[in-house]
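Residue-level listing of the chains:
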Amino acid sequence: MKDQELIPNLFRTEYRKIVSVLCRLFGMAHIEIAEDIVSDTFLAATEIWSTKGLPDNPRAWLYTVAKNKTKNYLKRDSLFQQKLSPEIQYHTANTEEFELDLSVKNIGDSQLAMIFTVCNPQISTEAQVALALNLLCGFGIQEIADAYLTNKEVVYKRLNRAKEKLKELNISIQQPSLNEINLRIDNVLTTLYLLFSEGYYSTTQNTTLRRDFCTEAMRLVYMLREHAHTNLPKVNALLSLMCFHTSRFDARSDQNGEAILYQDQDESLWNMELIDQGKYYLGLSAAGAQLSKYHLEAGIAYWHTYKEDTTEKWEQILQLYNNLLILEYSPIVALNRTFALAKVNGKTAAIAEAEKLKLTDNHFYYSLLGNLYTDVDNALALKHYEQAMDLAVSTADKLTISKHIQQLEKLI
Amino acid sequence: MNDFLLIFRRDFTNKEAQPSPEELQNSISAWQNWFGGIAAQNKLARPLQRWDISGKVVKADKHVINGPFVEIKESIGGLVIIKAESYEDAVEIAQGCPILELGGNVEIRMASEPEG
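Chain order of the listed sequences is A and B.
Everything in the first sequence is counted per my numbering, starting at 1 for the first residue and increasing by one.
Everything in the second sequence is counted per my numbering, starting at 1001 for the first residue and increasing by one.
I should point out that these hints are in silico values taken from the structure, not numbers from a laboratory.
Backbone N, C-alpha and C define an ideal beta-carbon position, used for all residues, glycine too.
You may find that some hints are simply not true.
Unchecked claim - Just a sample of chain B residues kept apart from chain A, beta carbon distances all over 12 angstroms, derived:
(1) E1016
(2) N1066
(3) L1079
(4) V1091
(5) G1103
Said to hold, decoys possible - Far from chain B by the CB rule (all over 12 angstroms, computed), these chain A residues:
(6) Q4
(7) P121
(8) T150
(9) N179
(10) T204
(11) D254
(12) I260
(13) G288
(14) A340
What the hints assert, rightly or not - These stretches of chain B come out as covered by chain A in the derived footprint (C-beta under 8 angstroms, 3 or more residues):
(15) 1026 to 1039
(16) 1043 to 1057
The shape of chain A in the complex, shown without the other chains (with noise of 0.2 angstroms):
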């Protein structure tokens, strides 16, 4: 690895580790304090490095620094000390003797805990998936700007108003219990579910950011497996899922960065390794009685890693939406579903099912209807096209329309 790119990956995957662990001992409420000590280490690497070269061990060099001024401050500050968690006075006599746990069983676990606290129902949505982005995964808030299209001010307003507010709910940080983690694990795993869109939907042009969300996403995923209580079905589920949608990563935009369409895409560039670990993590979601909605989701998006049109693979997926539906309504998977009912019972059936669902302030549904349309009745179809193309915003679903459109009118 060049020099040069060795802080910021450092700065990636040990950042969030050493801020988990001082999070949990010093408590939320100086979750400042636990920042500005990993930020001063990662400075202090910056300055040191530069000057008289790279140490043998880089991260051993990191821990060491930030044990040394994890003590130090406990030191300078008495009244913090003062205030700080009983743990620290309880496991040593004085703050000399302190020495902060970098193993990897105490890393392990503070950021499971971390997760949970992060991941609260009693913080907005948003806020708690750029909580993650930045403790859980180490992102700044450049990075994160760029990924909403907005600019600094505003994610780092938004960040401190979440801190604030977990602060004011005085939550401490430490492991879930079972029943915690029965209560709590739907949650966590919706936030996480939605940091992964976040980057696998982000209209942000640039494509590595939105695939280290991505992989940062799965990361959080696979370490809830790696814990014994969060070792869940539907974990493996979500995972599963996660892997099926990252392997067609190569084939879903072109060199411009505009979307190519499933039935578009070169499956030879579909990422095998992914799909192998997707059926895996799906073989071992089918453990246990219950059926999540990522049991579901998983099952549609294996059936897609088959690019051949089968009776079998649609009346798969068909079923898989109906029962998902079933589960909880959302209008994008009636959508899907009608979609799914055409290729088993045909365009006319379909089409008597779309006009049922009444969407009529979505786009995606005059798509649908364009898409069904065609063949059917084709100036129908473009009418269709036309009304989806009023009502999209992006562009690059105008994009999309817009290429259905000349079509249609080649054909009428």
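Take the given structure of chain A and dock chain B to it, following the hints.
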């Protein structure tokens, strides 16, 4: 929107009235598509629930017998609670119910609020 109870009944006892295994197999996806279609319109009012086929009946003299219900020959095969604008709307949905293909029928009841 009101809640409507749709009860599917058919004769489960009379041997001649039973669908063939093939008909039953086809019926499974018909049921799933019918429920999926209701859910796609966001008209499912409650989560779906499977019901035990045999059941029990408490008679007027408090005597308990095993289901089904000899007087009317038909048993409840299942039920679903949907959201619909009117009886007319609920009837339209019920007309797509696969129990009809199996010689059964659907009873529709609108939910009523307790008075006062």
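So, going through the hints one by one against the coordinates:
No Cβ of chain A approaches the Cβ of E1016 (chain B) within 12 angstroms, the least distance being about 31 angstroms, so the stated non-interface status holds. Taking the minimum C-beta to C-beta distance to chain A, about 27 angstroms, the non-interface status of N1066 (chain B) holds against the 12 angstroms cut. For L1079 (chain B), the condition that its CB be more than 12 angstroms from all CB atoms of chain A holds, with the nearest at approximately 14 angstroms. With a least CB separation of 15 angstroms from chain A, V1091 (chain B) remains clear of the 12 angstroms interface cut-off, as annotated.
At the 12 angstroms boundary, the C-beta of G1103 (chain B) stays outside the reach of chain A, the nearest C-beta of that chain being 23 angstroms off. A cut-off of 12 angstroms between C-beta atoms confirms that Q4 (chain A) is not in contact with chain B; the least separation is 53 angstroms. Residue-level check passed: P121 (chain A) sits 21 angstroms from the nearest beta carbon of chain B, beyond 12 angstroms. Every CB of chain B is more than 12 angstroms from the CB of T150 (chain A) (nearest about 32 angstroms), matching its label as outside the interface.
The beta carbon of N179 (chain A) is kept farther than 12 angstroms from every beta carbon of chain B, the shortest such distance being approximately 24 angstroms. No beta-carbon of chain B is positioned within 12 angstroms of the beta-carbon of T204 (chain A); the least distance is around 32 angstroms. A cut-off of 12 angstroms between C-beta atoms confirms that D254 (chain A) is not in contact with chain B; the least separation is 33 angstroms. Non-interface call for I260 (chain A) relative to chain B: holds, since the shortest CB-CB distance, roughly 27 angstroms, exceeds 12 angstroms.
Non-interface status of G288 (chain A) relative to chain B is upheld: no Cβ of that chain comes within 12 angstroms, the nearest being about 18 angstroms off. The beta carbon of A340 (chain A) is not kept farther than 12 angstroms from every beta carbon of chain B, the shortest such distance being approximately 9 angstroms. Coverage of a stretch by a chain is defined here by at least three residues with a beta carbon nearer than 8 angstroms to that chain's beta carbons; for the segment 1026 to 1039 of chain B and chain A the count is 7, and the condition holds. A count of 3 residues in the segment 1043 to 1057 of chain B with a Cβ less than 8 angstroms from any Cβ of chain A is obtained; the coverage claim is therefore met, three being the minimum.
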